[in-house]
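One line per chain: the protein sequences are R and D, in this order. This note's numbering puts the first residue of the first sequence at 616, with every later residue one more than the last. This note's numbering puts the first residue of the second sequence at 616, with every later residue one more than the last.
Any given hint could turn out to be false.
[Stated by the list, open to error] Below, a sample of chain R positions facing chain D; criterion: calculated Cβ distance under 7 Å:
#1 618
#2 627
#3 649
#4 806
#5 898
#6 917
#7 959
[As the list claims (entries may be wrong)] Capping the alpha-carbon separation at 16 Å, the derived lysine to aspartate or glutamate pairs in EDC-like fashion look like this:
#8 940/R x 924/R
#9 829/R x 809/R
#10 705/R x 739/R
#11 829/D x 1010/D
#12 829/R x 628/D
#13 829/D x 809/R
[What the hints assert, rightly or not] Here are the computed distance ranges between Cβ atoms for each label pair:
#14 747/R x 814/D: 51 to 59 Å
#15 869/R x 935/D: 43 to 51 Å
#16 885/D x 834/R: 45 to 53 Å
#17 980/D x 813/R: 50 to 58 Å
#18 871/R x 909/D: 34 to 42 Å
#19 1032/D x 700/R: 52 to 60 Å
Read the hints as simulated data drawn from the structure, not as lab findings. The structure presented is a predicted model; accordingly, all values stated were derived computationally and were not measured. All residues carry an ideal CB built from backbone N, CA and C; glycine is no exception.
2 protein chains.
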Amino acid sequence: MSHTVEILSVGTELLLGSIVNSDAQALSRELSGLGLNVLYHSVVGDNPRRLRAAVELARSRADVLVTTGGLGPTCDDLTKQTLAEAFGRKMVFHPECEKGIRCFFARTGREMTDNNLQQAWLPEGCEVLDNAWGTAPGCAFEADGTYVVMLPGPPSECLPMFRERALPWLARLGEGVIRSRTLRVFGAGESAVEALLRDRMNALTNPTLAPYAKEGEVELRITAKADTEAAADALIAPVEAEVRALLGDLVYGADVSGLPQVVLDAARERGLTLGTAESCTGGLVAKLITDVPGAASVFKGGVVSYHCEVKAGVLGVSQALLDEKGAVCAQVAEQMAQGARRVLGCDLAVSVTGVAGPDPDERGNPVGLVFTALAAPDGCWVKELNLVSLAARRDRTRNLAANHALDMVRRWLSGLDPAGNRWPLDG
Amino acid sequence: MSHTVEILSVGTELLLGSIVNSDAQALSRELSGLGLNVLYHSVVGDNPRRLRAAVELARSRADVLVTTGGLGPTCDDLTKQTLAEAFGRKMVFHPECEKGIRCFFARTGREMTDNNLQQAWLPEGCEVLDNAWGTAPGCAFEADGTYVVMLPGPPSECLPMFRERALPWLARLGEGVIRSRTLRVFGAGESAVEALLRDRMNALTNPTLAPYAKEGEVELRITAKADTEAAADALIAPVEAEVRALLGDLVYGADVSGLPQVVLDAARERGLTLGTAESCTGGLVAKLITDVPGAASVFKGGVVSYHCEVKAGVLGVSQALLDEKGAVCAQVAEQMAQGARRVLGCDLAVSVTGVAGPDPDERGNPVGLVFTALAAPDGCWVKELNLVSLAARRDRTRNLAANHALDMVRRWLSGLDPAGNRWPLDG
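Produce the entire structure from the sequences given, and follow the hints as far as they go.
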C-alpha cells in the first residue's frame, strides 16, 4: 500500500501572505514522483499550541509528516521542540551540528551570533540532515509508525535539503523504483490534448499518464513503478511512443525545461544564430530566450519596435505599408523578421506584431490578433493567430504569442513547416 | 474580538505540486489587511470524504471559512455540493447564474457545453458572487455562526472575485472601516528598511506598519481601523509622513502597481518618450515596461544588444572600446544608452550591461557586476551595481538590474540625481 503524506508548513509569514508556499509545491512534486500519496497541505503560524494540534491531526491522517520552516535560531522557531514533545523525545545538543553552523558562517564571511547554536538542539535519536545551503540543520525520525522529516523554510534550502538529504532517508519507504518522463506539448490546448488521450489515460495504471496544463502548453507525465530502473523505463517507452504517434510534431521535447531551451539547443547544434523583432510582446521573446544560461552562443540580440518609427527606421519596414495597413498585418510581420535578420546579422529571426490589449488598436483590429513571422536563409513564413478568447488577459496573450514565435523556430529547425500547426487552442 | 479565518483550497493539482497555492497567499494578504486573523491554510484533493472532514475541522477552529477551487463544471468539482451538505443546505438551481454563464461564452466567442450549466447549482439561500472573470460563480452564506465564502480556483478569477464580490459581503464582519495604504520602496534591502523602522513598527498599534519584501523592493503597508474612512485616513497620514521623512526618495510611490507604472506616468505627464538598450537583461526592461497597458504612449522601443556586434552595429558603441574593455564597463553602458536615444529617437534611454551568470564573463568580471546608464537631454549618468551576493540566482540578478535601470529614469523624472542612490541592498 502506498504511503500517505501531509506537508505541514510553519510560519506566520505564510498566513499573512507575505510569501507563497512554494515549498509545499516543490515537495509535493518530489514526493508524488516517489510514488507517495500527498493527501494534505497545512499551514500554521508560529504558535506552539496550534502547531502541536496540527501535528496530532497530521499523524492521525497520514503516515509521513514533512514539515517546513520554524528551524531557525529565534524564539519564533519552535518546530523541532514541538515535534519532539509530540513524539515523546527529549531535545539533545548535537555537537556535530555546531561545527556545521560555524563552518557556514566562516564560509559566507558573516558573523555568528550565539543564538545560532540553538539550531544544534535536535530530538534525541534523530537522523541529522546536514544543511549545506543555510544554517539550520533538518532532521528525520520514525516514531510509532509515523515517519517525520523536518526541513528548513527558505526555498533555496528546502528543496536541496529534500533532494540531497531527506530523499535517501525516505527511499526506504518506497518499494521498487519510480521513474517518470515528461513530454512537452505546444500548439494545442489542454482540452484538445485530453480529448485525444482520455481513453488511454483512463485505461493505464502502470505507467500512468497525466496531463498538466501550463500557460499555453501541456505537460504529459508518464510515471512507471517497477523493480528496477530498466524495467520502469521499459514500461514508459511504449506509452511515450504511442503519445508521440498521436500528437506528432506537437511534442517538442521530453524532460526539457521549455521551448527556449529546445530552440537554443537545436540552433547551437547546427551552428545557427538567432535574433528577434518584437512589437506587442515588447521584449518578452528575447527575455524568455535569455532566461536560459548560455543563450549568448546562439542569440545575437533583438529589436523591440514598439512604435512604427522604430519598425521603419531600425528594421526597415516599408513606411508606405505601415501607412496603408498599420502595424498589425502579415506583411509587417514578414518585413520585421527580414529586417531583424539583416540588421542583427543572424541566421534566423522571428517577429511578433499584434494587439495585446486591453483595447483594440486604432484601426479596430481586435485584441488577440497577432502575426508571427520567421525569416530564415531559405524563406520567410508568417502565422496568423487569433488569441481572442484570452482577451481579458494581456499577459497570457503576450505569453502565447511569444511561444508561438519560438515554436516557429523550433519547427523550422526540426524540418517542419514553420507555420504548419493548426490545432485548436483553449481559451 | 477579531474574527479567525481558515483558507481551504481544494484541488488534487495542488497536492501533486502542479501549481503553487498563490490563491492562499493573495487571500491571506487581503484578509489580513481587513483586520481578520488568518490562522490556517489547508489543502485537500478532489475527494468528497476528505473535503467534508476538512470542512468540519475548519468550522471547529475558525469562524470564517474561505474556500478556493472545485467550483467548475466537471465531476471533480464538488466544493459547493460538499459544503452545502456540511451546513445542511439544499442545492438549488439559480437561473440568474445561467444567464451569466451563457453571456461569458457569448462574449468570449466560445461554444458552451451543457455541463457548464451545473455551475448554476448553488446552496439554497446563499448570496451569489457573480463571476465576471470566468464561468463558475462563487457564493457566500452564514450558517451557525460560520461565515462561508467559496471562490473559484484560477488565480485570475479568485483575487478579483474576492475584491469585487466577497469583500463587500465580508465587510459586515468588520467593525468600522479598515483602510490601508502601501508605500513602495526601491533601492534598499529589507533588512536596512526594517532596521530604520523597527522601533516605530513595534510601537504602532493603530495604524499598523508592516513591511513585505518583494524581489528587489520593499512594500510598507500602513493599515488603520476607525469609524469612518476619513478618520482612518487621518490616522494613516502622519505615519506616512514619518516614513517618507525617514526613507526620503527611496519611496517611489503609494498605492501604485510598481516602478514601470510610475516611470510611464511621470514621463507621460511631461510628454517625454522612453527607450531601452539591454545586454544582460536581454529584453526584460522592455518587457516590464510593456507589461503595463498603454505603455505605447511613452515607450518607443528598445534594442537587445546581446552580442557585441549588435552593440557596435546597431547602437554605435565604439568597437575599439569593446575590444579594449569588453562589454561590461561604465563607458559601454553610457554609449549604449546614448546610442539607443539616437537610434530610437526617444527623449530618455536606459541601458544595462553586466554579468547575469551563472558564470563570470570571459574577462573574469564576476557574476552580479552590472552597469546601468541613463541618457537624457541634459546628460548621461552611470551606476555600478554589485549584485554579487545574489550570484546563485540569474533571474534575481536580472530582475534587480532591470529595476535599477527603471529607478534611474524615475529619479531623473523626479529631479533627483539618477545615480545618487547608495543604500545597502540585501543579498
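Hint check results:
1. 618: violated, 14 Å
2. 627: Not OK, violated: residue 627/R not within 7 Å of chain D, min 9 Å.
3. 649: violated, 12 Å
4. 806: Violated, because the Cβ-Cβ distance from residue 806/R to chain D comes to roughly 10 Å (cut-off 7 Å).
5. 898: Given a least distance of 3 Å, the restraint on residue 898/R holds.
6. 917: holds, 4 Å
7. 959: This hint holds: residue 959/R lies near chain D, its Cβ roughly 6 Å from the closest one there, short of 7 Å.
8. 940/R x 924/R: holds, 15 Å
9. 829/R x 809/R: The given pair, whose Cα atoms are some 14 Å apart, holds under the 16 Å limit.
10. 705/R x 739/R: Roughly 5 Å between the alpha carbons, so the hint for residue 705/R and residue 739/R holds.
11. 829/D x 1010/D: The hint holds at about 14 Å.
12. 829/R x 628/D: holds, 12 Å
13. 829/D x 809/R: Violated, at roughly 37 Å.
14. 747/R x 814/D: 51 to 59 Å: Violated, since residue 747/R and residue 814/D (Cβ atoms, about 36 Å apart) do not stay within the stated range.
15. 869/R x 935/D: 43 to 51 Å: holds, 47 Å
16. 885/D x 834/R: 45 to 53 Å: holds, 47 Å
17. 980/D x 813/R: 50 to 58 Å: holds, 53 Å
18. 871/R x 909/D: 34 to 42 Å: holds, 36 Å
19. 1032/D x 700/R: 52 to 60 Å: holds, 56 Å
Figure legend: structure checked against the earlier numbered hints; hints not met, in rising order: 1, 2, 3, 4, 13 and 14.
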